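Quick note, in my numbering, the sequence shown goes up one by one and the last residue is 800.
Simulated from the structure, these hints should not be mistaken for laboratory data.
Note that this is a predicted model, so its numbers are computed, not measured.
The beta-carbon is built from N, C-alpha and C at its ideal position, and this holds for glycine as well.
Any given hint could be a false lead.
What follows is a list of derived Cβ distance ranges for each label pair [claimed, not checked]:
1) Val-744 <-> Asp-718: 28 to 36 Å
2) Leu-740 <-> Glu-700: 23 to 31 Å
3) Arg-715 <-> Glu-745: 32 to 40 Å
4) Glu-709 <-> Arg-733: 30 to 38 Å
5) Glu-703 <-> Gly-777: 22 to 30 Å
6) Arg-708 <-> Glu-745: 33 to 41 Å
7) Val-744 <-> Arg-715: 35 to 43 Å
8) Tyr-717 <-> Phe-694: 13 to 21 Å
9) Gln-746 <-> Glu-697: 13 to 21 Å
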Amino acid sequence: MASPGRARIDITDDLAFVGEQIEALERLGGREDVDDERVYDLSIRWGVALAGRLPRMAHYSALGQLVEQDERRFQALCDRLRELSPLIDRFGLARPRLPGAEDASANGRRRRGRWSKTRSRTA
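With the hints as extra help, turn the sequences into a complete structure.
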């Protein structure tokens, strides 16, 4: 909960941007076969979300500077990102660093090749 006397930290734009990337990932995951260009485009936006927007929200959450509603929205976003692990792995995207996650580090690798729903990917 935000501390009294401090300026309110607004994470609305951060939540919206990360939410848009989640929706793009889900749309991509719903396709039978995906070309490398689409995965690359998503990986750029995904990286921006994970390198800038998500850490910003996590920082203010850890400091207790989010209002209660924003804290709930941030925690819901983290839960949603955890649920997306299979899709994140399928496309070789960086894993989000989430509060409380023991395996929070990004894998730092991007896989190459066709992105088929029916084929297993190997490094």
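Status of each hint after checking the structure:
no. : hint                            : result
1   : Val-744 <-> Asp-718: 28 to 36 Å : 34 Å, holds
2   : Leu-740 <-> Glu-700: 23 to 31 Å : 28 Å, holds
3   : Arg-715 <-> Glu-745: 32 to 40 Å : 38 Å, holds
4   : Glu-709 <-> Arg-733: 30 to 38 Å : 35 Å, holds
5   : Glu-703 <-> Gly-777: 22 to 30 Å : 23 Å, holds
6   : Arg-708 <-> Glu-745: 33 to 41 Å : 38 Å, holds
7   : Val-744 <-> Arg-715: 35 to 43 Å : 37 Å, holds
8   : Tyr-717 <-> Phe-694: 13 to 21 Å : 19 Å, holds
9   : Gln-746 <-> Glu-697: 13 to 21 Å : 20 Å, holds
The structure is consistent with each of the numbered hints, conforming to all of them.
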